[in-house]
Each structure stands twice: as structure tokens, then as C-alpha cells.
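Engineer: Now for the letters of each chain:
Protein chains: 4
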Amino acid sequence: MSSNEENWKQILSQVKHTFEEQVPFNKLLGLKIDRLDLECVKVRIEKDDHHVGNFVHGILHGGVIAAVLDVTGGLTAFVSLLQKMGDASVQEKMERLAKFGTIDLRVDYLRPGKGKHFTAEGTILRTGKKIAVTRMELHNDTGHMIAVGTGTYLAV
Amino acid sequence: MSSNEENWKQILSQVKHTFEEQVPFNKLLGLKIDRLDLECVKVRIEKDDHHVGNFVHGILHGGVIAAVLDVTGGLTAFVSLLQKMGDASVQEKMERLAKFGTIDLRVDYLRPGKGKHFTAEGTILRTGKKIAVTRMELHNDTGHMIAVGTGTYLAV
Amino acid sequence: MSSNEENWKQILSQVKHTFEEQVPFNKLLGLKIDRLDLECVKVRIEKDDHHVGNFVHGILHGGVIAAVLDVTGGLTAFVSLLQKMGDASVQEKMERLAKFGTIDLRVDYLRPGKGKHFTAEGTILRTGKKIAVTRMELHNDTGHMIAVGTGTYLAV
Amino acid sequence: MSSNEENWKQILSQVKHTFEEQVPFNKLLGLKIDRLDLECVKVRIEKDDHHVGNFVHGILHGGVIAAVLDVTGGLTAFVSLLQKMGDASVQEKMERLAKFGTIDLRVDYLRPGKGKHFTAEGTILRTGKKIAVTRMELHNDTGHMIAVGTGTYLAV
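Chains as they are written, first to last, in the working numbering: chain A, 1 to 156; chain B, 1 to 156; chain C, 1 to 156; chain D, 1 to 156.
One chain only, chain A, in its complex shape (with noise of 0.2 Å):
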């Protein structure tokens, strides 16, 4: 493995650890980051009684699908801006981590959030040296589309 390869390998771990294990309301969730390179980004969910919405019909809370879909853009445009960064050390690399954040997003609620899990790819748009743009998507355990978003990040 390369010195390049595995600086990449110990940024993702660690971009992974945080995700999972420092990140209070993530954790609350129970989010969990299924894969996490430079070519794409899944975020999992297990559906839990605290995560319902409407109580009739026991499916997915609005918020929660906003939450899963803005950390999986989150995640994607994190790991695209740093490909940008090229040489900088690791350590550069994560001090961005502290000043990234969602400029805005944009989810769109396609059926109803029914499933036992759920996972939520991301995809690029745009990369810019700042700011990038991607699409997100939610899918159920049976492969039905529940919602998709659109997200703008900054890294200052």
C-alpha cells in the first residue's frame, strides 16, 4: 500500500469514527456508515420505535429521513473536498472537519417511510475548492425509493 493509500485509509477511519462515536445526535439515531470511500458514500439505519412519526401507520419520522439525508450528503462532501486538498497532511486534512457544515438542503418525501432499515447513498454534483453540492437518496430494505435531497456544503 502507498504512503497516499494509507493516509487516505486512516482519514476515512477516523472520519468514520467521529461520525459514528462522537457525534451525539448520530449516535441517538443509531446511524451507522456502511461504506465510506472516495467513489461513494452509505449510511444505515435500523428503524426504531423512537423513530416513528405517524404512530397508525408506524413508518419513518420526516425528521429523521432529513437528518439521515443531510449527515450522508454531509459524509460525501466531506470526503470530495478533501480529495481536493491533495498533499495536505492529515492533520490539515481533519481541522477542516471542525468548520464544515450544511449551508442548505433540500429533501423530498416520495413514499411513505416503511421498512426495517434504511440507507441512504450519496452522490456528487459539484466540488469547488469550498463549497460542494450532492444528491442524496433513501432507500427501504425492499429497494423502494422513499425520499431524495439535495444538499449544499461549505468547508471555510
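Hints are computed from structural coordinates only; laboratory data are not their basis.
All C-beta atoms in this analysis are idealised placements derived from N, C-alpha and C, irrespective of residue type, glycine included.
One thing to keep in mind: the hints can contain errors.
[What the hints assert, rightly or not] Just so you have them, the derived chain B footprint on chain C, three or more residues with Cβ under 8 Å:
#1 62-74
#2 130-136
[Unchecked claim] Here are the simulated BS3-like pairs of lysine-lysine, each with C-alpha atoms no more than 30 Å apart in a straight line:
#3 130(C) / 27(C)
#4 47(A) / 16(B)
#5 47(A) / 129(C)
The hints should help you fit chains B, C and D onto chain A, whose structure is shown.
Structural biologist: Below, chains B, C and D without anything else, positioned relative to chain A:
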């Protein structure tokens, strides 16, 4: 109090109870309705350690902000659509609640979510027979505007 | 050709004629429908000096991009909602055209609008009885993605 | 008049001239700046037969509305970002104009665009070093709100 006013008081009290006590994710977030009448909707959230996104700065997670704005817009739209139903009975009106949902949502994150508690307020932009469009604003306890949103809601 | 196929051919031909010849602003922009069937909608615009936003670089004005994406999403939604009407007559189907409109639109500008001509393509995300949600993409003549959009449409 | 005020007057006059005379698509639409100062931006459009979308009802095309809201938000953002530049020279300030653009735009269509002329007004929601977020509202000549929008703008 006229029978119509009594009717409204009963409906809004039922909506408030459902929102605060019967929607699991609203309970998890600790959302409270501060005001709910035909002129104005206000939803309040106390920050708690589990709502944090950025663990270094202790600020509100973007997903919490999106969730609060979505439910505030939803309540605003719902009350407005109910008004359009005119003389329908309480039961008829409440039956629409089960089939009510968000079509789409835009959230703009303006400032870091610093503060102990936050209040979201909703305003109606358009109310049709089935569609309502709302604007929402989230302020912290020192009066700073943290985020705004726009939502489109459907009552089938 | 079955009577149903004949029926569709007639409707789509009428939609194309209305779009290109009877909508004044579409004529001003010179919009042409490249493809319009039950699988796909493509709208084409030739750049002309009047469409320019940034006079230094000769790129497409953001308002032109928004307009093209809006009408592409609208056509996509309209065809999809027509399909949901099943066996209704051509006349009944066309009467819905007059009451059809955009509820909301999001546009993401990804790259400067350089090129001689541009093609927008629409995809359906959701079709209900009255509401349809679409995604749109605009590419230039060298295959670069210039902008994307998401639109919500209503047929009352 | 202080030299700083003189400076601003010169910049705003130059922005107005560029907007109205040098942007071809603004000229095609006949856009005029009604007000442009550090507190408020207003853009006006006279309806003309070419701006019509629905030929039966003679209402404004959704693409025209999107275009007017986009440029109004853009002007609002641009003036606000200029203010953040403090003591920079007129030339330095104007050089940023060439690299200024819309990142994303949301438009909500509230009522049919009936009227003889329309005015769009912009408000700042957030101004950073490079990013500004604005809200826009479009009213017709009888004071009805026709559409609203939210835009995110970048000055590289």
C-alpha cells in the same frame, strides 16, 4: 364561547396532544407546542446533550434543526388546511391528520445552533384545498435566527 | 396501432404543439421538444445572444436555465399524470393542461453555461393523483452537466 | 458627502448600469432596478406578451418568475458581500462581479402571475465572506404575493 369556537378549541387541543404525546420522534426530541391557534404556531425545543452535532462546539445537529422546522411547517399547514374545511365535524377534520404529510422541505442553515432552547415559528404562504406552503424560522434564546425553511404539505 | 396508442400519439402531438407554438415565453426562448413519450422528455435550447447572462464570458443566464428546467420538469410531470388518468378521453386529458402548474422548483447551478446548445432531460420521482415530483438535468453540447433541478407540480 | 459615500454611490450606479444595460437576458426581459442601496433591492418587470406562459389566462411564465427572483436575490447578495469588503477600492470590488454566481435557488409559486407589472424585493438572511443567502418576494401591481424564493450565492 360559540359552538364553533368550542369546536376549534377541541381540535387544537387534540392536535397538540397528538403532536407532543403520540408522535414518538417528537417525544424523543422533547418538542413542545408553545402556541397553536389560527394565527400562529410556535414549537419549542430544549437543547439536550443528545441533540448535539458538533461535539467540539456543542451546537445543535442539522438533522434536529430540519426536524423542528419540518414539524413546525407541518402544524402550520395542517391548521390552515383545517380552516379551509369549514363546517366539517371534529371527527372528519381529524381523519385528515392520518393522511397528511410533507411533500418537500428546504432548510437554510444560517448560524451555528448555539443556545439552551430554540423556538420555531411557522407562517402560511399559500393554502389550497389540498396543498399548503409555509415558511419557518428558528431562533435561539438570545433572539438570533439560526435557520429558516420552506415546506410544501399535502392533505390527501 | 391500437386505439389506445393512437390516442396517446394524438395527445403527445398536441402537447408538443402547445408547448412550442402557443406558449409565448417558450417561443421567445426558442425551446424545442426533442423527445416526448411515456419514457422520456427532452427539451432543447440553442444559445442565442439574448440568452446570455455574463457578457464577458458569454454564458447562459441563470434565469434561462431555471426556465428550461422548470418546463422540462413540467412536461415530465404532465405526461406522467396523464398516464394515471387511464381511459379518459383526449379532451378530458387536455382540459387538465389549463389547470396544471409548478408548485415549487429547486435549481442547482453546477458549471458555467458554456456551449452552443443545451438539452434538459426529466425523470419522474413520484406520481400521485394530483402531484408529481421530477428531477431534471441540463447538459451542454459537449456532455457537461450544467445544472440540475427538482420540481413539484400540481394538476388540480 | 463623504468619500466613502461617494465611493458607494459610484459602485451602485455601476452595478445598476451593468445589470440593466449589459446583461442581454435582463434586457430581453426588460428588467429595471427600482431601488438599489445598502438597505433594500427592488427589481421591476412590466408584463409583455412575450412573458406569458399560459396563453389562455395571460399569466406570467414560471421561467420569467424564476429569472426575476434569481437576479433580485443575486443583486441583494452582491451588495451585501460588497459591504463586507470594507475599504477595498471600487475596482477591486467590481472585479468580484465577474466571478459572482448563483449556487442554488428555490422558487415557490403561490398564485397565478396576473398583473401588468411586478416587483421583486430581496432580503439578506446570511452574509459570510464568500457566501450570501437571500429571500425574495414577488408582488403584482395589486399587492398580491405571486411567488417567493430563497437563493444561495457565491463570490469566489
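Engineer: Compare the structure with the hints numbered earlier in the document and write down the numbers of the violated ones, lowest to highest.
Structural biologist: The structure breaks only hint 1.
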